[in-house]
Amino acid sequence: MMSVKRTLLTTGLVILAIIVLITGFTTWYTVDESEQAVVITFGQATETITDAGLHFKLPWPIQKVEVLSKETYSLQFGYETTKDGEIITKDSETKMITGDENIVLTDLVVQYKISDPVKYLFQSENPKQLLHHATSSAIRSIIGSSTIDEALTDGKAEIEKKTRDLLVSVMENYDIGVTILAVKLQDVELPNQEVRAAFTAVTDARETKNTKINEAKKYENQKISEAQGEKDAIISRAEAEKIARIQQAEGDVAVFNKLYNEYVGNKQITRQRLILETLEEVLPGAKIYIMNDDGETLKYLPLVPQQTTTQSKDEKSKEGGGNS
1 MMSVKRTLLT TGLVILAIIV LITGFTTWYT VDESEQAVVI TFGQATETIT DAGLHFKLPW
61 PIQKVEVLSK ETYSLQFGYE TTKDGEIITK DSETKMITGD ENIVLTDLVV QYKISDPVKY
121 LFQSENPKQL LHHATSSAIR SIIGSSTIDE ALTDGKAEIE KKTRDLLVSV MENYDIGVTI
181 LAVKLQDVEL PNQEVRAAFT AVTDARETKN TKINEAKKYE NQKISEAQGE KDAIISRAEA
241 EKIARIQQAE GDVAVFNKLY NEYVGNKQIT RQRLILETLE EVLPGAKIYI MNDDGETLKY
301 LPLVPQQTTT QSKDEKSKEG GGNS
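When you number the sequence shown by the UniProt record's numbering, it's gap-free, plus one each residue, and the end is 324.
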């Protein structure tokens, strides 16, 4: 009888100790800055925790907590990276057919975040698998409406954009609390080595063409710049000549006005002086005699160049010196 009571007491103490341990270890939890938590009470989400730190709840099995990351997740489609860093290709996923009936191997990465942890936990049994299937559907749809040339060369950016837009639309319809951030194509290639080499040659030729076009544009811009410089220089010279001619004209006008004022003050003398100056310009080096009206010579004024006049003066000075 005593052994039975002791057994029951021991059992009761063990059960009580277990309950105390469970209560002690399941009534608190921590959330990091990069995490968010959902408190689940009897299988139903009752609270979402986004504040970092220590938090408390009712013990299990009354309440439990699911902690999810706020950071960006990456879904690898068409390949898988092992823990050792080895890449395993999944041919069944990567093999697709283009709109012009060519087979290509396509793999990509989808970057997403958990925007609503409650929906992520309860709207789908396996949200990652659902996202994987939606990604397969989206990329196959876009590749199927694209040509092989677009898929292998300069159409990759457009394929990424269209795939992302379609995947966002699909995930919004599923409403599982996932936000698609980006879709990045990793490799798009042909399964046949010879065909792959041919398309590589086409790609190289296209790149060479673009390089030549860029070089031609650079040469064009250089020549345009040189022509613009010559144009500006011609305009500058023309402006300078314009200013010089205007200043010369203004100077001529000033001289004319001054001469005109002298003419108005003494017309007869000014007229005679103008005649003499004009004759000097028209007949340089000539001797000019001024006669009166009746034909008799009164006096003469030889108009000769300044150099001749100076020379004559020097000669006379020498003669005078010799005489003295």
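Think of the hints as simulated: they come from the structure by calculation, not from any bench.
Misleading hints may appear alongside valid ones.
In silico BS3-like pairs for lysine-lysine, Cα to Cα no more than 27 Å straight-line [to be verified]:
no. : residue 1 : residue 2
1   : Lys-119   : Lys-184
2   : Lys-217   : Lys-156
3   : Lys-258   : Lys-209
4   : Lys-70    : Lys-217
5   : Lys-113   : Lys-156
6   : Lys-161   : Lys-70
7   : Lys-95    : Lys-5
8   : Lys-5     : Lys-90
9   : Lys-242   : Lys-231
10  : Lys-64    : Lys-95
11  : Lys-209   : Lys-161
Computed Cβ-Cβ distance ranges for the label pairs, DEER-style [unchecked claim]:
no. : residue 1 : residue 2 : range
12  : Asn-173   : Asp-100   : 41 to 47 Å
13  : Arg-273   : Ala-244   : 46 to 52 Å
14  : Asp-175   : Thr-30    : 48 to 54 Å
15  : Thr-48    : Glu-215   : 31 to 37 Å
16  : Thr-179   : Ser-92    : 24 to 30 Å
17  : Gln-129   : Glu-207   : 25 to 31 Å
18  : Leu-13    : Ser-92    : 47 to 53 Å
19  : Pro-61    : Ser-115   : 25 to 31 Å
20  : Asp-175   : Ala-205   : 46 to 52 Å
21  : Glu-215   : Lys-184   : 30 to 36 Å
22  : Lys-184   : Gly-144   : 18 to 24 Å
23  : Thr-179   : Ile-235   : 58 to 64 Å
24  : Pro-59    : Val-109   : 37 to 43 Å
Given the structure is predicted, the values throughout are model-derived calculations rather than measurements.
Every residue, glycine too, gets a C-beta built ideally from N, C-alpha and C.
**Study point:** Ascending list of hint numbers which this structure does not respect
**Key:** Result: hints 3, 4, 7, 8, 10, 12, 13, 14, 15, 17 and 18 break, sorted rising.
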